[in-house]
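Visitor: Take each chain as given, in its own frame, and dock them per the hints.
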Amino acid sequence: MINNFAALDIHISLASQTLFTVAGFNVTNAMVTGTLSLVIFLVVFVYVSRMVAAGRYNRFIGLIQWAFEGMLSQIDGVIPDKVLARKIAPLALTLFFYVLISYWMSILPGLEAITYNGVPVLRSIAADMNFTFAIAIIALVIVQVYAIRQHGPIGNVRRYLRNPLKDPIGAFEGILELIGEVSRYSALSLRLFGNCFAGEILLIIITALTGYLSVAALPVFMAFELFIGLVQAYVFFILTVIFTALAIDVHGGTQAHPDHTSTSDHSSAGNVPTSVPARE
Amino acid sequence: MDKLAFGLTYALPALGAALGIGFIGAGALNAFGRNPEKLSDIRTLMITAIVFSDSLAIIGIVVAIIAKFI
Numbered sequence: 001m002i003n004n005f006a007a008l009d010i011h012i013s014l015a016s017q018t019l020f021t022v023a024g025f026n027v028t029n030a031m032v033t034g035t036l037s038l039v040i041f042l043v044v045f046v047y048v049s050r051m052v053a054a055g056r057y058n059r060f061i062g063l064i065q066w067a068f069e070g071m072l073s074q075i076d077g078v079i080p081d082k083v084l085a086r087k088i089a090p091l092a093l094t095l096f097f098y099v100l101i102s103y104w105m106s107i108l109p110g111l112e113a114i115t116y117n118g119v120p121v122l123r124s125i126a127a128d129m130n131f132t133f134a135i136a137i138i139a140l141v142i143v144q145v146y147a148i149r150q151h152g153p154i155g156n157v158r159r160y161l162r163n164p165l166k167d168p169i170g171a172f173e174g175i176l177e178l179i180g181e182v183s184r185y186s187a188l189s190l191r192l193f194g195n196c197f198a199g200e201i202l203l204i205i206i207t208a209l210t211g212y213l214s215v216a217a218l219p220v221f222m223a224f225e226l227f228i229g230l231v232q233a234y235v236f237f238i239l240t241v242i243f244t245a246l247a248i249d250v251h252g253g254t255q256a257h258p259d260h261t262s263t264s265d266h267s268s269a270g271n272v273p274t275s276v277p278a279r280e
Numbered sequence: 001m002d003k004l005a006f007g008l009t010y011a012l013p014a015l016g017a018a019l020g021i022g023f024i025g026a027g028a029l030n031a032f033g034r035n036p037e038k039l040s041d042i043r044t045l046m047i048t049a050i051v052f053s054d055s056l057a058i059i060g061i062v063v064a065i066i067a068k069f070i
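Order-wise, the sequence lines are chains L and Y. Per the working numbering, the first sequence starts with residue 1, numbered consecutively. Per the working numbering, the second sequence starts with residue 1, numbered consecutively.
Just chain Y, with the same shape it has in the complex (with noise of 0.2 Å):
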C-alpha cells in the first residue's frame, strides 16, 4: 500500500500536468493556425504556460520523494 501511495503521488499530478500541457499545445497551435505571423510571441506564451502546469508535476514528484526516504 505504501508502494501504491508513493506511485500515485506522482502520478496523479503527472495526469493532470500532461492534460494540461496537451490543452495548452493545442491552443497555441490553433492561435498559430490563425495568425501565422506571430510565432515568436505565440512560442513564448505557450512555453510561460506550460511551465506553470509543470511546476506542480515537478512540486508531486518532491513530495513523493520526501515522503518515501524521510
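So that you can see chain L by itself, here it is in the shape it has in the complex (with noise of 0.2 Å):
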C-alpha cells in the first residue's frame, strides 16, 4: 500500500547490497560507509592529538576534550581499580566514538536515492551485522582475556565451571553465567544493529510517504537519530566497561596484581589526547 504513494520503490534489503568487486572481494555499500567514517575519525583524532601537543587550543579541541573527559569519568566511575581502568579505557573510547560516528553516518542526505548500478551506496556500516556482530566479539574476547590476566586460566574456568557437590547454588550460578556470556554479546550486538537499521528504515518510509513534503518532516526524524545514536554509542561503551568489570571483579574486591609489569598497551587506533592527568 505503501506503493501507491511512493515516489519511490522501498526495497529493505537486511544484507547490505555488493557495489563492486576487487578481486574476488565483494565491497559493499556498508564497507564503502565505514571506510569513510574511519577516515573521517582518524582525521578527527589526529588534528586533536597534534593540535593538544603542540598546546593550540579552540573550541572543536573542547568539546572533543569534553566528551572524552566525560566518558573516562564514566569508566572511573564503573571501575574503582585505577589501573585496570586506564587499561580498559582506550578500547572502551574508540569503540565509543568510532559507533558514534558510523551511527551518525546513516542521516546523510540521499539514503535511498543515491545508487550505482541500482544498489543504494548510502548505508552506515553500523546497520551491517557483520560490523556489529564484529565488535561485540572483539569486546568478548578482550574481556576474557582480561579475566585470564586476573584469575589464571584455571581460575576462569571455574567461574563458570564450580563442584556442585560443594556449592549446588554456585555451580547452578556457572551455568548461568555461561549461558550469559552468549546472551549479552549477542544483545549487545543485535541492539546497535536493531536501531540502527530501523532508524534508517524509518527514514525512508517517512520520505516516500511524505513526498515533497519530507523536506520539512525528515530533519525532526534526523534529529531524533542523531539522539539515538549517541545513546546507542554511550550504551555499547558502557556496556563494555559493566561486562569487564563483572569478569574482574567476582566474589569480593579486585585486587590490583603486582606481579605484573604494566605493559602499557597503547592502542594505535585511539590516538587520544594527552589530556588524560595521572592518576596513579
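Derived by calculation from the structure, the hints in this document are not laboratory data. All C-beta atoms in this analysis are idealised placements derived from N, C-alpha and C, irrespective of residue type, glycine included. Among the clues, some could well be false.
Unchecked claim - Facing chain Y, from chain L, some residues (calculated, C-beta under 8 Å):
id	residue
1	R191
2	G194
3	N195
4	Y212
5	A216
6	V235
Guide: This is the structure in C-alpha cells:
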C-alpha cells in the first residue's frame, strides 16, 4: 500500500548490497560508508591530538576533550581499580567514538536515492550485522583476556564450572553465567544493529510517505536519529566497561596485580589527546 | 492475518518494554526521592536498565521486518 503514495519503490535489504568486486572480494555499500567514517574518525582525532600536543586549543578541541573526559570519568565510576580502568579505556573510548561516527553517517541525505548500478550507495556500517558482531566478538575476547590475566586460566574456567557437590547453587550460577556470556554479547550486537537498521528504514518510509513535504518532516527524524545514535554508542561503551568490571571483580574486591609489569598497551587506533591527567 | 502478525510481532514486545521502562523509571524516581545527592549514579543505573529492556523491543522490530520482507 505504501507503494501507492511513494515517489520511490521501497526495497529493504537486510544484508548490505554489493557495489563492486575487487579481485573476487565483494565490496558492499556499508564497507564504503564505513571506510568514510573511519577516515573522518582518524582525521578528527589526529588533528585533536596534534593540536593538544602543540598546546594550541580552540572550541572544537575543547568539545572533543569534554566528551573524552566525560566518558573517562564514567569508566572511573564503574571500575574502581585505577590500573584496570586505564587499561580498558583506549578500547572502550575507541568503540564509543567510532560507533558514534558510524551511526551518525546514517543521516546523510540521499539514503536510498543515490544509487550506483541500482544499488544504494549510502548505508551506515552500524546497519551491517557483520560490523556489530565483529565489535561484540572483540569485546568478548578482550573481556576474557582480562579475566584470564586476573584469575589465571584455571580460575577463569572455575567462574563457570563450579563443583556441584560443595556448592550446588554456585554450580547453577555458573551455568547461567555461561549462557549469559552468549546472550549478553548477542544482545550487544543486535541492539546496535536493530537501532541503526530500523532508523534507516524509518527515514526511508517517512520520505516515501511525505513526498515533497519530506523537506519539513525529515529533519525532525534526523535529529531523533542523532540522539538515538548518541545513546546507543554510549550504551555500547558503558556495557563493555561493565562486563569487564563484572568479569574481573567476582566475589569480593578487585586486587591490583603487583606481579604484572604493566605493559601499557597503547592501542594505536585511539590516538587520544594527552589531556588525561596522571591518576596514579 | 499476515498484516496482523506483522503488527503484533512488534506491538507485544513494545508493550512489555513500555511497562518495564515505566517500572524502571518509577524505581529510579523513588530512589532519587530518598537520596537526592546521588543523582548521577541513579541516572547511570537507570539508563543501563532501560537499555536492557529497550533492546528486546528493538529485536522485536528486527524480527518483524525480517519476517515480512524476506
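Visitor: At a threshold of 8 Å, is the proposed contact between L:A216 and chain Y supported by beta-carbon distances?
Guide: violated (25 Å)
Visitor: Would you settle whether the hint for L:R191 is holds or violated, based on the nearest Cβ-Cβ distance to chain Y being less than 8 Å?
Guide: holds (4 Å)
Visitor: Hint L:Y212 vs chain Y: min CB-CB distance below 8 Å?
Guide: With a closest approach of 26 Å, the L:Y212 hint is violated.
Visitor: Just to be careful: measuring from the Cβ of L:V235 to every Cβ in chain Y, is the smallest value less than 8 Å?
Guide: Interface hint status for L:V235: holds (5 Å vs cutoff 8 Å).
Visitor: Does the CB of L:N195 sit less than 8 Å away from some CB of chain Y?
Guide: holds (6 Å)
Visitor: Please verify that hint: L:G194, Cβ, nearest Cβ of chain Y, below 8 Å or not.
Guide: holds (4 Å)
Hints 4, 5 from the list above are not met by this structure, while the remaining hints are.
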